[in-house]
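Colleague: With chain A's structure known, arrange chain B on it following the hints.
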Amino acid sequence: AQKVTQAQTEISVVEKEDVTLDCVYETRDTTYYLFWYKQPPSGELVFLIRRNSFDEQNEISGRYSWNFQKSTSSFNFTITASQVVDSAVYFCALSEADRDDKIIFGKGTRLHILP
Amino acid sequence: NAGVTQTPKFQVLKTGQSMTLQCAQDMNHEYMSWYRQDPGMGLRLIHYSVGAGITDQGEVPNGYNVSRSTTEDFPLRLLSAAPSQTSVYFCASSYGSGGPDEQFFGPGTRLTVL
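Read top to bottom, the protein sequences are chains A and B. Positions in the first sequence are counted from 1; adding 8 to them yields our numbering. Positions in the second sequence are counted from 1; adding 44 to them yields our numbering.
Keep in mind that the hints were calculated from the coordinates and are not lab data. Take every hint as true, because none was put in to throw you off.
Covered stretches of chain B, as calculated for chain A (at least 3 residues, CB under 8 Å):
1) 83-95
2) 98-104
3) 145-155
Straight-line C-alpha distance at most 27 Å; calculated DSS-like pairs for lysine-lysine:
4) A:K115 with B:K53
5) B:K53 with A:K46
6) A:K46 with A:K11
7) A:K78 with A:K46
8) A:K110 with B:K53
9) A:K24 with A:K115
10) A:K11 with A:K78
11) A:K24 with A:K46
Quick reminder that beta carbons are idealized off the backbone N, C-alpha and C, glycines included.
Here chain A stands alone, though its shape is the one from the complex (with noise of 0.2 Å):
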């Protein structure tokens, strides 16, 4: 069945510092997809990236950067001189595309952006 985890439930760094969210992904299939959503204080949800698991490479947005590494089921995200507007809820999700395509999230990792 699949599963996401994200072990770290509330992270505090202080502003330029770089922070690494983790995910933890469970899956029987060989075709899947991942992604990553924002949830800021606002409560609104925004999409931050997809990847599909045939795609290895690693992604970079700016400031955002997404690590997928198969032989350890995880995508992590890194962000690089972390801002204050960072602070928000961040989500990983997966879902197994050979089976319904539904769409599974993680608990999700509050980040809090000290400044």
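Modeller: Leaving out everything else, chain B in the frame of chain A:
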């Protein structure tokens, strides 16, 4: 485009009452889903639909019904509200073809069951 809209934004129910949370999208998305968000529990999938006329259960379907008679609408029905259903409910939609895609979320409905 309005995107994904949800009504109402807030609702208070008494135990045993029923109600329907409305969700609509104007992006012609095939895939729609309902999640509930509780503190410390993340987003849990209640029901989802891969197209009109097709629905399936998610992780926590008990106490909820859905139907998908049109591509645009995906209402969530609470049959007999219980305090355990106090939560924030999010509806989402995505293209759903070529593999699950970015989900667009509605603003949420905050439900309190007394």
